[in-house]
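Peer 1: Could you build all of it, start to finish, from the sequences and the hints given here?
In order, the protein sequences belong to chains A and B. Position one of the first sequence corresponds to residue 0 (numbering that gives the first Met the number 0), numbered consecutively onward. Position one of the second sequence corresponds to residue 0 (numbering that gives the first Met the number 0), numbered consecutively onward.
Keep in mind that the hints were calculated from the coordinates and are not lab data. This structure is a prediction, so every number in the text was calculated from the model and none was measured. Note that the Cβ used here is the ideal one computed from N, Cα and C, for glycine as well. Treat the hints with caution; some may be incorrect.
[As the list claims (entries may be wrong)] Below, computed lysine to aspartate or glutamate pairings styled on EDC-like, alpha-carbon distance capped at 20 Å:
id : chain 1 : residue 1 : chain 2 : residue 2
1  : B       : K175      : A       : E66
2  : A       : K31       : A       : E234
3  : B       : K194      : A       : E114
4  : A       : K103      : B       : E183
5  : A       : K96       : B       : E183
6  : B       : K175      : A       : E68
7  : B       : K194      : A       : D89
8  : A       : K88       : A       : E66
9  : B       : K194      : A       : E234
[To be verified] Chain B regions said to be covered by chain A (calculated; three or more residues, Cβ under 8 Å):
id : segment
10 : 72 to 83
11 : 176 to 183
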Amino acid sequence: MISKQPVDATLAPVELETRNLQAWFGDFHAVKGVSLAAPRNLVTALIGPSGCGKSTFIRCLNRLHEEVEGARVSGEVRLEGDDIYARGKDPVAVRRKIGMVFQKPNPFPGLSIQENVVAGLRLAGVRNRVVLNEVAEKSLRQAALWDEVKDKLKAPGTSLSGGQQQRLCIARALAVAPPVLLMDEPTSALDPISTAKIEELVLDLKKEVTVVMVTHNMQQAARVSDRTAFFLLGELVESGDTSTIFTNPRDTRTEQYITGRFG
Amino acid sequence: MSPSTRSSPLRVRELLSRKDKPRKLKNALLLGLLALASIVAVLPLFAVFLYALKQGISGLSVDFFTRLPAPVGETGGGMANALLGTGILLGLASLVGVPVGVVTGVYLSEFGRGKVAALVRFSVDVMTSVPSIIVGLFAYALVVIPMKRFSAWAGAVALAIVMVPIIARATEEILKLVPVHVREAGLALGIARWKMILRIVLPGSLGGITTGVMLAVARAAGETAPLLFTAFNNQFWSRGLDQPIASLPVQIYTYAISPYEEWHEQAWAGAFVLICFVLAINLLTRLLLRRSV
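Peer 2: This is the structure we're talking about:
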């Protein structure tokens, strides 16, 4: 069991913050005016029943939502106070600062383990072998995968097991050194052992990055997050310290969800 | 009998088992029909192949691959110029057709939304079914008339037009198989869209795209009509790409309609070689596809 000190979030500076964030798919209003802050070097968990907009919300945080046809966003997302949706902001540059790990492990097909990890750097034009090798090792160590793959860095990324692939994807996201890491249900496709490894990893990672994580698993939210936000029907019902949300929620809907009465 | 016993589980089971025999019979009958239809469908391939083998094998010799056609009345000779000519025509056509086809396929798959894309997709579909003689006529008007002569260039243009839609649609279909989440992973890493497509999506589907290209080459290799009045024909080695050039299909056609027994034999040999070539490409393609999946 991983022990965790309760954190006073009011003391931590805010890394990522949304203000009145709205998101649509065509006519469907998926996220309705969410204002939420993710404090630096903490893990913020987004929970809520399926279809509550938490995945759409997290995809707005790195401007990935707008890549879907018919999708639209309004409101602000501030990274260290700087609105990533401001006019003239380059989504490509934004995404380099806000990494993402997806529900399903998605290593690039045809690329080796090493190539997968440094893909973000190489495709941005970094060619220096020494730098690439160093970053690859560092990122794989951060993702707790180095010992398992150090002897087969040239093997295809897709040859790894599901859990290893997901850690490879975490390493790939970390390789471009983003201050923020978004995780969209990163363990929902994994077995319990792989899940435990990734949870442990997240607790380790927050020393260096700010994590925002969508999860369907409330135990997971309780285990790894410092802050929890509860979403329902596209709205943020409440957010606060994880221990408070789980023991003493303000809203009855939060309580009902957490105690398993719906969802 | 009361309704309850008529629908009792025991009675229902008995009713069902009574249907077993006719069901099995029907099943066997339909299976037989399917097998028969399948055999009828593939029979022509084997028949054509075996017949070409039977008729063509006697014309095959080292000379066939190394010598020029013999003049009428002389025995011997070969189709070396036609074999080389087909190679040159396919090479030139691929030089144009592969990039155009692949890029069109990428456009359709990655950016293909809206009216322009719908128009392009429709045009590509229509192009696939345009009779190849019309492609030949088009290349004649486009290249032969301005150049005032039949040429390898004109033949290559015609073959490229045959290849482009096949390659474009194959590329589109293959790229669409690359899952959205792989593309999103690229975008989420801060990779520009075009770079993500070029460096992640395309390399991952290279096997499939190669398959499409090879099938297009196989198709173009056997085309006769587009070459009849573009590349024309040539009984000698081609003296340049701006000159008429021999090709296997046209040579087969010319020899087959001639009145000479000797030439008929050569035509069969050519036909056999052509079938083998197309068959080999198809087999190779399958092998490639199996390896890449």
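Peer 1: Taking beta carbons only, do three or more residues of the segment 176 to 183 of chain B come closer than 8 Å to chain A?
Peer 2: Since 5 is at least three, the answer is holds.
Peer 1: Given the hint that B/K175 pairs with A/E68, test it: the Cα-Cα distance must not exceed 20 Å.
Peer 2: holds (15 Å)
Peer 1: Can the restraint linking A/K31 and A/E234 be considered satisfied, given a maximum Cα separation of 20 Å?
Peer 2: Cα-Cα ~5 Å, so holds.
Peer 1: Taking 8 Å as the Cβ threshold, is the statement that the segment 72 to 83 of chain B is covered by chain A upheld or broken by the three-residue rule?
Peer 2: The restraint on the segment 72 to 83 of chain B is violated, since only 0 of its residues have a Cβ under 8 Å from chain A and three are required.
Peer 1: For the pair we were handed, A/K96 and B/E183, check the Cα-Cα distance against 20 Å.
Peer 2: holds (15 Å)
Peer 1: Straight-line Cα separation of B/K194 and A/E234 no greater than 20 Å?
Peer 2: Roughly 36 Å separates the two Cα atoms, so the pair is violated.
Peer 1: For A/K103 and B/E183, compute the direct alpha-carbon distance and say whether it is at most 20 Å.
Peer 2: Holds: A/K103 and B/E183 sit about 11 Å apart, inside 20 Å.
Peer 1: If you draw a straight line from the CA of B/K194 to the CA of A/D89, is it 20 Å or shorter?
Peer 2: holds (15 Å)
Peer 1: Has the given pair, B/K194 with A/E114, been kept, meaning a C-alpha gap of at most 20 Å?
Peer 2: Distance ~15 Å between B/K194 and A/E114 Cα, so the pair holds.
Peer 1: Straight-line Cα separation of A/K88 and A/E66 no greater than 20 Å?
Peer 2: holds (15 Å)
Peer 1: So if I understand the rule, the pair passes when the alpha-carbon distance is 20 Å or less; does B/K175 with A/E66 pass?
Peer 2: holds (16 Å)
Hint violations for this structure: numbers 9, 10, all remaining hints satisfied.
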